Amino acid sequence: MKTLVALWRVPSARLALLVLFGVGFLAVFGGALAPHDPLQQYTDEVLQGPSAHHLLGTDYVGRDVLSRLMEGTRLSVVGAVEAVLIGGLLGVPAGLASAWLGPRLEWITLRTSDTLVVLPFTVFAIAVAGTLGNGLQQAMVAIGVLISPVFFRVTRAATLGLRKVQYVEAAELMGATEWWTLRRHIWSKVLPNVAVTAAHATGSALLVVASLAFLGLGVTPPAPTWGGMLSSDLGYLAQQPWAPVFPALLMMATVGSLNLLADAIRDATGATAAPRRRTRPAVAAAAREERPDVVTV
Amino acid sequence: MSVAAPARPVALTATGRGTVPAVVRRSAPWLRSLAGVLAVTVTVLFLASVITFVLGALSDSNPAAAALGETATPADIDRLNHEFGLDRPLVVQYFSWVGNGLTGDLGRSWFTTVPVTDSIRAALPVDLSIAALALVLALVIGGGAGIGAALSNGGVFDRAVTLVCSLLGTLPPFVIGMALIVVFSVKLQLLPAGGYVPVQDDPAEWLRFSILPGLALSLDVAASIARQLRTSLTGELRENYAVGAEMRGFGRRRVLFGHVLRNAAGPTLAVIGLAIPLVIGGAVMTEKLFGLPGVAQLALQSAERGDVPVVLGTLLVTAVVVVIASLVINVLQTLLNPVARRGDGTAGVAR
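Going line by line, the protein sequences match chains E and D. Letter by letter, the first sequence follows residues 1 to 297 of our numbering. Letter by letter, the second sequence follows residues 1001 to 1351 of our numbering.
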């Protein structure tokens, strides 16, 4: 709550929060408030510009762009949020565990994260669609799994830095259980980092969901999503430049707000920007600095 | 007895250390780091193959349903399952799949019975050439923008670069590609909007066909390169050695290109290494957009038909390509950075 108040004082964060609140509102109520049926095709009003009847114009089969945008917000946002939640649920506990529960688990989690980083989003999503079937759930689980290394690294880096802090050692000396230390001292310090990452990850998940829609994965047409609208309307850019502008603007506003919000959270809470591999490599490098006789080939 | 026992190993190690040649001893950290990188790479490849195989094992499609469709009888299903070896235990299937994969055989398509490796071999050069072109373009564009922004630190150009980078990051990559098509192919009629000529047939034609896809693919990476290069350059320019060089009368350009760029290149290379999966994954989008006959089209078509061996093959090959590219980046990083050259072996793929 205190963080939220601090965030509200930053102008860019206030703007971002307002935009995101609006998007959230659209996601919940957009479908009910839409002036037209998003699937209704007004075949004599194809590719119209904005007018009184269709506030944002119509697309290539004459569907109302505004209604499709409002209805599509839900599917786009829910998809991205679901993917980020899955990523966080997989990545954050793994990150805590790898810094806390000993070297064997650490090695396993590190290598798993390395492997997931190697798999490209789109190719993996295609493979999942090809083997497990094409659908929103499969696509979101696939993206969530591939996002989890980001959460893993951020959590791990923050936790590693705290492992040797004096008050944590003091708590351990006073007989605090590991669980209590984790909850009381570590979690509150890790949380801002996780929040920053979540904001960034939601932005990129929105983009990935849109890209998958372009490939025909995830939500299947005619159900509207931002990405689906963009990819179908962009084909008619030469004839009707209006249609793709609105989903593109909404998307840019949302992703941009998420990025602004992430920066503002980072500034307000003092979370570190990127995972810094602070402890081990720094120590190793320092140890090696002291041995000038090491000549490399 | 009890005194002699511990003495022996100590003596052994002592003589062992004495007889090891100086060259080996000096290169020991280097060798150890090489071994570390190798161990990580092999583990990553192993895990990637396991993930890929598990996807296939979880799939409920089978060759009979894929090839014969609704008309498949249980007998047909059993016969084809047996023919493709799917009635064996999963562990056996995995090891035969990976073992054959190591010799370049990833099975046959359930539909066309064309070997998967042949299909991928025909499609992969398309992606690799486009991705390589995109990386070169990204380096030129991103490098230029990053250096320019750092030179005009806080100036108009710097702010313009930052703004463009932020905006590029808020749009899905295919939008940029489509905008490029509309501008260069539809309006200006300069470049073809689709199609492909292999580079070995006619390099000039290849460039004509692949410059737009390459550009579309490169902009995302160029933005992250520019951002990172700007950050590390402005940081390095404030370091003592850069200020000192400037005080001794070297021009700003000479300090930048002679001293600072080499040090700032390390983090930028790391960014490029991280971007490689993005480039390969983005190549999928670009392929679809420009109608290139690449791996992604192959994977998409097979995914639509439920042709599991081809889908798994493409995923595995993509992972291998990314791992190899990351290794190359890692070696470059080591060559550039004396601390990393001396340093922690697992830094490579582990990033």
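No lab work stands behind these hints: they were computed from the structure. None of the values given here were measured: they were computed from a predicted structure. Glycine included, each C-beta is placed from N, C-alpha and C at the ideal position. Hints are supplied without guarantee of correctness; some may be wrong.
Selected chain D positions facing chain E (in silico; Cβ < 8 Å) [said to hold, decoys possible]: (1) V1042; (2) V1044; (3) L1047; (4) T1073; (5) P1074; (6) A1075; (7) I1077; (8) F1174; (9) I1176; (10) M1285; (11) P1293; (12) Q1297; (13) A1299.
Consistency of the hints with the structure:
no., hint, result
1, V1042, "violated, 10 Å"
2, V1044, "holds, 5 Å"
3, L1047, "holds, 4 Å"
4, T1073, "violated, 23 Å"
5, P1074, "violated, 22 Å"
6, A1075, "violated, 25 Å"
7, I1077, "violated, 17 Å"
8, F1174, "holds, 5 Å"
9, I1176, "violated, 10 Å"
10, M1285, "holds, 6 Å"
11, P1293, "violated, 16 Å"
12, Q1297, "violated, 10 Å"
13, A1299, "holds, 5 Å"
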